[in-house]
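Q: Assemble the whole structure, with the sequences as input and the hints as a guide.
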Amino acid sequence: MTAVHEIAIEACEPTPQDVAAGADFSVKVRIACPAGCDLSGVAVIVTAPDGGVASVAHDERVDAPEGRDIRNITLTAPRHVGEYVWHLTVAEHEVAGARHRVGTLDVPVKARPPHETSLAVWAIPSPVVTGQRFALKVGAKSAAGCALKGQRIEIRDERGVTMASGSLGDSPWPGTSALYWVELELPAPGEPGMFSWSVKFDPADLEFPHEGAAARFSIAIVRPPEHRLTVKVIEQTTAAPIQDAQVRLGAYRAATAPSGLAEIMMPKGTYDLAVWKAGYEAPVTSVAIDADVTVEIAVAALPEENPDAAWQM
Amino acid sequence: MGKDGTDRDRASTQAVSRRTFLSTGAAGAAAIAGAGAQQAAAQAPIKWDRSADVVVIGAGVAGLPAAIAARDLGASVIIVEENYDIGGRGILSGGRVHLGGGHALQQKAGIKDSPDQVFLDWVRFDTADARYSDRDLVRVFADENVPTFNFLVENGVKFIDRPIGPERASTVPRTFLTQEWPIASELIAPGRGRNGSGLVRQLAVAARQKGAEILLQHEMKTIIRDRTAPGKVLGITVSHQGTMMNIEARRGIVIATGGHTGNVNFRRIFDPRLTEEYQQACQPYVYQDADGELAAMDIGASLWATANQTAEAGSAITKTRHIGCRWGYATLVYQPESPMFHLAKATGLTVGDWQNLIFVNQHGRRFWNEVDGSYKFFSAAMGYNGDTAKLNGGGPIWAIFDADAAAREKWTPSPPSVDPDGFFFTADTIGELAGKIANPYQKKPMSGAALQETVDRYNGFVAAGVDQDFKKPTPMYKIATPPFYAAWSTPILHDTLTGLRTNTNTEVVDIRGEVIPGLYCAGESQGGFAQHGLARCLVFGRVAGRHAAQRTA
Chain A
146 MTAVHEIAIE ACEPTPQDVA AGADFSVKVR IACPAGCDLS GVAVIVTAPD GGVASVAHDE
206 RVDAPEGRDI RNITLTAPRH VGEYVWHLTV AEHEVAGARH RVGTLDVPVK ARPPHETSLA
266 VWAIPSPVVT GQRFALKVGA KSAAGCALKG QRIEIRDERG VTMASGSLGD SPWPGTSALY
326 WVELELPAPG EPGMFSWSVK FDPADLEFPH EGAAARFSIA IVRPPEHRLT VKVIEQTTAA
386 PIQDAQVRLG AYRAATAPSG LAEIMMPKGT YDLAVWKAGY EAPVTSVAID ADVTVEIAVA
446 ALPEENPDAA WQM
Chain B
-19 MGKDGTDRDR ASTQAVSRRT FLSTGAAGAA AIAGAGAQQA AAQAPIKWDR SADVVVIGAG
41 VAGLPAAIAA RDLGASVIIV EENYDIGGRG ILSGGRVHLG GGHALQQKAG IKDSPDQVFL
101 DWVRFDTADA RYSDRDLVRV FADENVPTFN FLVENGVKFI DRPIGPERAS TVPRTFLTQE
161 WPIASELIAP GRGRNGSGLV RQLAVAARQK GAEILLQHEM KTIIRDRTAP GKVLGITVSH
221 QGTMMNIEAR RGIVIATGGH TGNVNFRRIF DPRLTEEYQQ ACQPYVYQDA DGELAAMDIG
281 ASLWATANQT AEAGSAITKT RHIGCRWGYA TLVYQPESPM FHLAKATGLT VGDWQNLIFV
341 NQHGRRFWNE VDGSYKFFSA AMGYNGDTAK LNGGGPIWAI FDADAAAREK WTPSPPSVDP
401 DGFFFTADTI GELAGKIANP YQKKPMSGAA LQETVDRYNG FVAAGVDQDF KKPTPMYKIA
461 TPPFYAAWST PILHDTLTGL RTNTNTEVVD IRGEVIPGLY CAGESQGGFA QHGLARCLVF
521 GRVAGRHAAQ RTA
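Residue numbers (the numbering used here), protein chains in the order written: chain A, 146 to 458; chain B, -19 to 533.
Any given hint could be a false lead.
Unchecked claim - Among chain A residues calculated to face chain B with C-beta under 7 Å, some are:
(1) Ala265
(2) Trp318
(3) Thr321
(4) Ala365
(5) Gln391
No wet-lab data here; the hints were simulated from the structure.
Computed from a predicted structure; not experimentally measured.
Even for Gly, the Cβ is constructed at its ideal location relative to N, Cα and C.
A: This is the structure:
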């Protein structure tokens, strides 16, 4: 009477929980007969998630003392994100006069997106007057440099309401390698304040799956202007006008012209006026805006921070 | 004392190699192993390959005047210099000579000064520049200011007669610049205001004309001391292109090796925060490896006035101003025409306005107001950043900026301005930028999410006009327009402000307070006087050479 042996097929080490979609991965399995039969000539049948079948012959055994029982099997994940199962089977067969029953092992794997994406948001005007429409630019980048043209991108407010959306353009932003971008126009909130909105990007239908990305950006929303503030910036000892000084009053900003003058339209209120130019210092000045106002700010030249740096040939 | 242009970022091994040499024996009697191995046995004759009355170690701002002063008194002089050329850090300095006391140029400019005023200024208690100095040394310095200025003029050094100052502890203008050396091919950083070239080149000319012999690429390894009382130093061992030789110093040896700033192990004696990520100004031309200090301490020398090193005054630690390259010291740029450029690799991007960037640590987090350049900034940059595998030092600091900042600064963020081999990175998004940062000192990858969060938060401060985290005065510019950049901006170390103990003759004193006969020290390796720059090196170099020449052989 022919002996019947059970075939044991098991993973030698934990199989990967998830792999990148489209990527190769390997599993190492041990095939064993409890009676010690030599199974080195026995093939492992691999049934892929799509039904494809392949046979892994013994020439792919591991070069190890116990190698006659261990196989390295290379598998390829589908290109689409999802959960899949590979079925490994040792068919019923006879070896050394014994009948060996079918042995099976399932290998479940999650195919995850292979490429990350990241975002940039720029050219946001600041400040923006309540209720006005404004534009900004949004770009998305595939870590692998894949073309993202046509992919949809959304801007949402703090409640998650979509405020604008659009499709990425055909070519990358100048100076970047693959930042696909779009300019979007959207309405400002009706109340003044600082707002933090989000950008949402969920790429789809690309040749290779991509993970989505999110980003946040801040916008300063202000009341409509009522008066003109004129700031003149001069050097305190010479009274010479200072060009390209940055004038800031909270969210309001302007740069001085060669005349040392900067103009900002602002609503009524009291503001701290700060002036910045590298190499100079100026006190912060409180300014009350209840009509058109002109302010002169005297800045003092600072000594160089390093003694060697003071001398320019 | 400089090195021959190789990357020597392994300072802590120097002492080891020196001791290895001693224990393996390579130079006759100089190679007696064990404690006190540098002390020659009285009965063991030493085979001297060369001999001079005075041997000066280092052909820089202290060594050259020491050699000239010794020759002026008739002593024969050999200078050994480990670099391929003379000058040390002086050749890369601004040439700012801070000598006062009422010398001719001060008088011409109508500046009233005196040796007593120099002394009183530099022993002031109200400034850390002067507070911790040895007043006996300051007194000598003050009295020797005018003679040293005259000495420089007599030896052909040319000055620009425009006074600068008062600087630091000084109460009257005392700084005058030397003129840049006129031969471009003999400059290390040509055309960049490195006027110290005119000082050291001219002093080297004068030294040679007066008969001093300068041996380039000769690296001092040990100082040989007689083991019999009173233990006079006898000479030095030197390595030259792989060959060891002994040089006898019949009257004296002057250590003018230039300080310890580049030696990680040594500098951490004074400040344990100064771990390996902090680069040394004037590398790769000059490597301040503490070789003079170590050789002297091997035969018993003491350190002195060590508080000066950590007094948080002056330029011991400086803000990197040329970002995106490894060595971005405030005023030093190696341009492509520099003979050092193949090692420096980039000029760096010179920051005109610190508002154009933010600084983040290796975790992608801001740590301080970027426009600050004080020791508060350095303390924050070197603060513990949460890395449990590296408790000392603050890790790399990166400047993060965008395309708009580059345009405002008129930067070209590509080679030769930047070094993309670990010190400058470009990306299309902030998140991607963090992932690209790879550098030998960046021990852990920077999180893209963390850097994005930092930039988003900062951009919010810009929109609101208030930096809620670090009170940067009215943060001006968002970091928003792609592409984005990360540039090496880790603080860079400059002045050595402590060193070997000497008496007022610059004779080195041992740890028991006794003079080591025949051994002198001047320059940045000398402790006791923390004044920044060239003047103390010139003054005490001259004092050392003069005194050594007058010793009995």
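Q: Against this structure, judge whether each hint is valid.
A: So, going through the hints one by one against the coordinates:
| no. | hint | verdict |
| --- | --- | --- |
| 1 | Ala265 | holds, 5 Å |
| 2 | Trp318 | holds, 6 Å |
| 3 | Thr321 | holds, 4 Å |
| 4 | Ala365 | holds, 4 Å |
| 5 | Gln391 | holds, 5 Å |
Comparing the model with each earlier hint shows no violations; every hint is respected.
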